[in-house]
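There are 2 protein chains.
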Amino acid sequence: MDSKREFCKVKHTEIAKLIRAAGNRSADLLYASGFPTADDYLFAEFGGKRLIVLSPLEIDRGRLEAAPGVEVLCDTEFSSADGAAVVRELAARFGAEGFLVPADFPLGFADELRRAGISVTPAGEGSFFPEREFKSESEVEKIAEALRAAEAGTRRGIEVLRESSPGEGGVLFRRGEVLTSEILRGEIEAELLRHGAMPAEGTIAAGALQGAQPHNAGSGPLYADTPIVMDVFPRSVSTGYWGDLTRTVVRGCASPTVARAFEAVLEARELGKRMLRRGAIPAEIHAAAADHLASRGFPTGTGERGRHGFFHGLGHGVGLEIHEAPRLSPRNAEPLRGGEVVTVEPGLYYPEWGGIRLEDMAYVTSGGCRVLTEIGTPFEI
Amino acid sequence: MDSKREFCKVKHTEIAKLIRAAGNRSADLLYASGFPTADDYLFAEFGGKRLIVLSPLEIDRGRLEAAPGVEVLCDTEFSSADGAAVVRELAARFGAEGFLVPADFPLGFADELRRAGISVTPAGEGSFFPEREFKSESEVEKIAEALRAAEAGTRRGIEVLRESSPGEGGVLFRRGEVLTSEILRGEIEAELLRHGAMPAEGTIAAGALQGAQPHNAGSGPLYADTPIVMDVFPRSVSTGYWGDLTRTVVRGCASPTVARAFEAVLEARELGKRMLRRGAIPAEIHAAAADHLASRGFPTGTGERGRHGFFHGLGHGVGLEIHEAPRLSPRNAEPLRGGEVVTVEPGLYYPEWGGIRLEDMAYVTSGGCRVLTEIGTPFEI
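Protein sequence lines correspond, in order, to chains A and B. Quick note: the first sequence, position 297, residue 296 per numbering that gives the first Met the number 0, numbers continuous. Quick note: the second sequence, position 212, residue 211 per numbering that gives the first Met the number 0, numbers continuous.
Calculated directly from the structure, the hints in this document are not laboratory data. No experiment lies behind these values; they were computed from the predicted model shown. Any given hint could be a false lead.
[To be verified] Derived DEER-like restraints, expressed as beta-carbon distance ranges:
1) B:C252 to A:L56: 53 to 59 Å
2) A:P350 to B:G68: 27 to 33 Å
3) A:A258 to B:L56: 25 to 31 Å
4) B:C252 to A:C252: 29 to 35 Å
5) A:E373 to B:S328: 29 to 35 Å
6) B:G168 to A:R62: 16 to 22 Å
7) A:E64 to B:G168: 26 to 32 Å
Cβ coordinates follow ideal geometry from the N, Cα and C atoms, glycine included.
With the sequences and hints as input, model every part of the structure.
Here is the structure:
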């Protein structure tokens, strides 16, 4: 009787949570279970207990790799391996009438559960495990490890550029062939793999005017004396955590305008990092960086050839997703609480000469921040 | 009036379809729009018309890269960029009361649409675009291109193994260090990137007893005179299509048992490919391969040390997903219709000596199949 009363007490203060996803694709699931998979499996949490339900194919690996404290069940332990039947038995076991699920929970399965009388309520976007925003020391280490791979990839990129020399029209040549964005990206990404990290789709190695579009990954020949943006954001294969790093370099000599823009962006990045601390307002940090760029002669606006200046957010949280809370954006007035890992990445983009972006990562603490990025910020190489 | 009547006629014979997903993550979306993205966007189809709705950040790239015939709209063309508002305006424009959506449509957004009076009905798993199972010539070319990258990666793996020689206890050494699964995998994956393909999480380079577990990616030292399984399945960065290839090699000399197992698996693979044709029953092809392995002295069963023999499906469809319909499994009695691209990958796994798997890809035609794999099947190297 006592234990039952205890159980009922828990029932009224805790929400039962449910995920069905692949460990490789759902940051919420990987956060909760620690078990990456290519295929979907079930996770449930209730009263501080966490469990996952695996098929016989995955059960041995699951028992070895799941996070401590996560109970690993085999679907053969249920009366049917069918997902809805398993969830029904879990609900009965927990005494739960329904589950909170992530916003991206699959609709087909949700409707099946609802038809079976189990209520499922989607959480707001990104708010299923709000504690994901605040990193433990062990998570910071994992992020730093992914960042080390990004630094190795970027160093390799710089080495490849240094092996090149300009030919006709300033086109860079290396080992007798034109050095393209594709070759540079391939060399950077191969280095990431050697460091246990998987390249993102979208590693940026963009030169000249392509660099003026922040999301342009770059294609075709690279040129001397123009800025080349390398934005490298790999994911650690062993942990699932991401690193994020951007450097912009010039092979040869920059024009005076580009050199001034580089200085302004570097100053804005350092200013942004200095403002990070518990209690700071992201929108104010963004505004300070934007104001600094404007004060150095690089205001943001729209001209005949489209937007120019600094027209994206100053940074974003990084963890098991490459973009997660908090955003360092003009719209985020929520004070930092400490424990966030964020990027600080001001940039300047001009259709006339290209783009410059410089990105570091930092861990927000009570009195400031701990910068996680170790590589320097080379310019003319 | 005439055009309106025409429209109403269409309305009763066509189903409106809706997707909200990221182009990089949803095979259905990439199939329909041709536009890969890291972030979510909306796709809708009605009466043979297809359209996508992009943010201003993606609109220029979308107009360049979306498939021919897909109308590209900017969310600024709607009264609000809010997703539910956009879908409501699309429904009004189509005269549709609701939408069929993929089974993995996000529940949070579905509930929002339902609250706004728009019905959303999930399709069965994998049946949103059933035509994805049957490939066009251009799709077969894209799959073959990804397979060429897999072959290049595998050739590189073989080259690396050939550069190694056995030291104490049979451990392979290369360039003065122990040759591990991690190094072999890294070299294979770097080669994939050089060929424009992204390695999967889970490229297998598993030696000795690890090869006895079909999903074990391999870790630690590799050994001479034991089978080493390389299962390489990259995705083309430019098209999103996958290739899939498995070879098993021995650096040195195989034991008589392993040599006999290799021959049996090779024969089963060739038998499986010979049976592929329009009208063939996948379950029968699987059974024929399993029977052949048993007749060669390698029956499937469970012993004291777990399962042994051939205990996975003979193959699976490949396209914009690495595993898609049709399965060549004991449970699939649906005749092939021609146009499918499938793997044929029998294997033998024994806790006593490891595993052997040999995998080719083929395009099913009316009278047989066109084998897409070009690389040979080396054994002792």
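The hints, checked one at a time:
Judged by the Cβ atoms, the range 53 to 59 Å given for C252 (chain B) and L56 (chain A) is violated: they are separated by roughly 32 Å. For the pair P350 (chain A) and G68 (chain B), the beta carbons lie near 30 Å from each other, so the given range of 27 to 33 Å is met. At roughly 28 Å, the beta-carbon separation of A258 (chain A) and L56 (chain B) lies within the given 25 to 31 Å, and the hint holds. Checked against the given bound of 29 to 35 Å, the beta carbons of C252 (chain B) and C252 (chain A), roughly 60 Å apart, lie outside it.
In this structure the hint that E373 (chain A) and S328 (chain B) lie 29 to 35 Å apart at CB is violated, the actual value being about 50 Å. The hint said 16 to 22 Å for the Cβ distance between G168 (chain B) and R62 (chain A), and at roughly 29 Å that hint is violated. Separated by about 28 Å at the C-beta atoms, E64 (chain A) and G168 (chain B) satisfy the suggested range of 26 to 32 Å.
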